[in-house]
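Number of protein chains: 2
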Amino acid sequence: MTTFDLRAWSGERLERVERALENWVGVEAPAGLGEAMRYAVLDGGKRLRPLLVLAASEAVGGNGQAAVRAACAVELIHAYSLVHDDMPCMDNDVLRRGKPTVHVKYGEAGALLAGDALQALAFELLTPADDGVPEAMQARLCRLLAHAAGSAGMAGGQAIDLASVGVKLTEDQLRQMHRLKTGALLQGSVLMGAACGEVSAAEYAALGDYGAAIGLAFQVVDDILDVTADSATLGKTAGKDAEQDKPTYVSILGLERSRAYAQALYDQALAALDASGLPDTRALRALAGMVVDRVN
Amino acid sequence: MTTFDLRAWSGERLERVERALENWVGVEAPAGLGEAMRYAVLDGGKRLRPLLVLAASEAVGGNGQAAVRAACAVELIHAYSLVHDDMPCMDNDVLRRGKPTVHVKYGEAGALLAGDALQALAFELLTPADDGVPEAMQARLCRLLAHAAGSAGMAGGQAIDLASVGVKLTEDQLRQMHRLKTGALLQGSVLMGAACGEVSAAEYAALGDYGAAIGLAFQVVDDILDVTADSATLGKTAGKDAEQDKPTYVSILGLERSRAYAQALYDQALAALDASGLPDTRALRALAGMVVDRVN
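In the order they appear, the protein sequences are chains A and B. Residue numbering for the first sequence follows our numbering, starting at 1 and increasing by one per position. Residue numbering for the second sequence follows our numbering, starting at 1001 and increasing by one per position.
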């Protein structure tokens, strides 16, 4: 296997995703709303979820147009969740990606509506009337995204998170919360990429295992960074977890065991890719590395 | 044509919808979230949108299982919009359908998340993995719902509404706001019902005209009721529009001309049904009457 240049691979894909988001987000919206939607989405973030969608789709030889739409849709769900999560009634955060949060800039009502509209737009992007994406594929993509975003996924995890402030969770409970809160959408990204092609049940299951492992790894690393990085590097307020008395992997396992756990999850992710039997999973491997080695 | 008993027709359909909502809403959610979702949806509301879906589907001989799912999905979008709309940063309403609003009962964060999860659930209901609903139909239903709910529909209308407090709108601007804010989802309900069957372009267009007319009529009547009904009858706070200095049909056209306008829209709705050429549109006709003659 030749060496894989993740930076070059990502660069090309990110350009495609940014251009698509630029064309699709907020363009049909009344002026104020469209501006808030674009502010929330454009020019920010690592775009990990879109990259996972595209990498998984390429690994299975998926439909390129479907994959770009799925990549953008997943990012819109992620972006809306950040907008709502930052609001005063939730985390009350004023800084995100180094910029004022949406409600600081557009008011609480504006942030609420922008988030709501972004969620709807995600499903609109997945269901074009004429774009060469088979309708059966559109339906499967909507099914995966709705499940990952909803009460048995991201929204459910946020509800558990909300109920857990100041509560002592066991490691199992913490894992279950994060499986939903962050893991469901990360795993969903991988599965949506897979759904852009034709995969066997075994390949699909292996990609699901990969997605579950990196989903959890992402959160473990997030918890580590919250105590080891500063706000400038993170682009958001560091040290919030401890300040809000939120249970984290670091608070339960300690720093060293958290690091070891992240590494073990990385190994699991790679083992799942090997088990998939798919011929070229280099981008997915490299993204798993990025999840674990990131500094913000 | 025999006389049509709307009460009997609705009764049967409402029972089916209520049972479906009971089975589907909040059951997969962590306890607190599921409870708030169910509180927001169950045991309340006239279910006008679900009835429109079912009536349109029956008029075109649609897939019954798809129609029940579409009926519930539309109601979830409506319910989530009420939950978010009632929040302190929006209308700050404490009473809805005669009960404390969701944020009063479950807190603002709980209401925010319940609304978010209800929107996701709407798309989940439309995309069952195994329920005899063809995937191409699922995709079309998602497309219609996402468009009706999003920034070119309901959320867009709410953004215009938000920006219009204390602003003098022309009748055209007011109509445009309501076309999006209330009309898009009501029209979307009719079109989703149509999408549960096979319709010609002419039939689809006629049903769209019907939906647009009753969508606007609904809002005109809403504005009339806000000044003529009391809170107990409405199940929500009456007189809020004037108090908040919101532009309404009554404030622009006056009461009598608003009533005449509602009647003209009713006539338009019926003319569209005649033009559709569909053999049995009695339920749709009766629902148009209900929209115009309602007292709450």
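Just so you know, the hints here were simulated from the structure itself, not pulled from any lab data. C-beta atoms are modelled at their ideal positions from N, C-alpha and C, and glycine is treated no differently. Be careful, since some hints might not be right.
[Said to hold, decoys possible] Here chain A is said to cover these stretches of chain B; the calculated rule only asks that three of the stretch's residues, wherever they fall, bring their Cβ under 8 Å from a Cβ of chain A:
#	region
1	1079-1093
2	1133-1145
3	1186-1193
4	1204-1218
5	1243-1254
[Stated by the list, open to error] Stretch-level coverage of chain A by chain B, calculated; a stretch enters the list once three of its residues show a Cβ under 8 Å from a Cβ in chain B:
#	region
6	43-52
7	81-92
8	113-121
task: Count residues of the region 1204-1218 of chain B with a Cβ under 8 Å from any Cβ of chain A, then say if the count reaches three.
output: violated (count 0)
message: Please verify the coverage claim for the region 1243-1254 of chain B: does it have three or more residues whose C-beta sits within 8 Å of some C-beta in chain A?
response: violated (count 0)
message: How does the region 43-52 of chain A fare against chain B when you require at least three residues with a CB closer than 8 Å, holds or violated?
response: violated (count 0)
query: With a Cβ-Cβ cutoff of 8 Å, does the region 81-92 of chain A contain at least three residues near chain B?
result: holds (count 5)
query: Under a C-beta cut-off of less than 8 Å, do 3 or more residues of the region 1133-1145 of chain B approach chain A closely enough to confirm the stated coverage?
result: Since 8 is at least three, the answer is holds.
query: Do at least three Cβ atoms from the region 113-121 of chain A come closer than 8 Å to Cβ atoms of chain B?
result: holds (count 7)
query: Three or more residues of the region 1186-1193 of chain B near chain A by CB distance under 8 Å?
result: violated (count 0)
task: With a C-beta cutoff of 8 Å, work out whether three or more residues of the region 1079-1093 of chain B approach chain A closely enough for the coverage to hold.
output: With 6 residues closer than 8 Å to chain A, the region 1079-1093 of chain B meets the three-residue bar; holds.
Comparing the model with each earlier hint shows violations of hints 3, 4, 5 and 6; every other hint is respected.
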